[in-house]
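**Q** If you count the sequence shown from 1, position 52 lands on 52 in our numbering, and the numbers rise without skipping.
Derived by calculation from the structure, the hints in this document are not laboratory data. Check before you lean on any hint, since a few could be wrong.
[Unchecked claim] Pairwise CB distance ranges, derived in the manner of DEER restraints: (1) A83 <-> P163: 23 to 31 angstroms; (2) A83 <-> S160: 16 to 24 angstroms; (3) T179 <-> G97: 19 to 27 angstroms; (4) E175 <-> P68: 24 to 32 angstroms; (5) P68 <-> P96: 43 to 51 angstroms; (6) A172 <-> E100: 18 to 26 angstroms; (7) T162 <-> E86: 21 to 29 angstroms; (8) T186 <-> G120: 37 to 45 angstroms.
Keep in mind that this is a model prediction, so the values were computed, not measured. Don't be surprised by glycine CBs; every beta carbon is placed ideally from N, CA and C.
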Amino acid sequence: MPTGATGAPTAARRCAKLPAVPTAAGPGPSRRAFLAVLPLAGTGGLLLAGMSGCTTSTGGASTSRVTPADVTAAGAAHTRETALIEAYDSAIDQHPGLAETLRAIRAQHAEHARELVAQGLPEAATATATAAGTPATTGAPAGAGLRSSPAVGTPPPAGSDTPETRATTLSALAELERTTAAAHRTGCLAAGAGLAPLLASLCAAESAHAELVAALGAPGAAG
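Between the sequences and the hints, there should be enough to build the whole structure, so can you do that?
**A** Okay, structure coming up:
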């Protein structure tokens, strides 16, 4: 199929090849196994190596290809990543026993936010400034314009860290990852060739996060 001036047909084919967003978890892994798998859930090529056309774009969207849909999609995607980071911050506050795992996933969402800002599209940059309230700190682990994750050892509110609340928190995080993946896929379908590869990567990453977080909260999952 010939590709038009904006590369939209090619972008649509990329997004159409994305996997379905997961709805159920498999057997619960140990925390060590969980952390070993996490690098595969990032936006890098390992997770996407077998997915033709779905690669992370790191060079920024070509200014000649930027469309209003790209600008809107980048801002919306950054807002979703910010919401995920805030959700993980809250979970880390409440459940210190899960902090190591949740911080690893949170760091990936911070990287997602940085990659969106690196595209140079104004909506993502504006979303960063709004979320931050202050200038971003270069090299901060929280990512562009986002607050640092909670300090190790911060006590959770009384009664908030129980097996039941942990299961509820992990279920909510998994659902948020699923809805974010679905929204990234929708954005990918609307975006031009300059932004679609990144949104495709984020969709795949969030789908993997959803499965991993749900598995961590499954009965029998080891700590």
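**Q** If a hint holds in the structure, say so; if it does not, say that too.
**A** We went through each hint and held it up to the structure:
Roughly 26 angstroms separates the CB atoms of A83 and P163, a value that falls within the hinted 23 to 31 angstroms. Taking 16 to 24 angstroms as the suggested C-beta distance range, the pair A83 and S160 conforms, at roughly 20 angstroms. Checked against the hint of 19 to 27 angstroms, the C-beta distance between T179 and G97 comes to roughly 26 angstroms, which is consistent with it. The beta-carbon spacing between E175 and P68, approximately 30 angstroms, falls within the hinted interval of 24 to 32 angstroms.
A hinted range of 43 to 51 angstroms for the beta carbons of P68 and P96 is consistent with their spacing of about 44 angstroms. Between A172 and E100 the beta carbons are some 19 angstroms apart, a value that agrees with the proposed interval 18 to 26 angstroms. In this structure, T162 and E86 meet the distance hint of 21 to 29 angstroms, their C-beta atoms being roughly 22 angstroms apart. Hint check: T186 to G120, Cβ distance near 22 angstroms, so the stated range 37 to 45 angstroms is violated.
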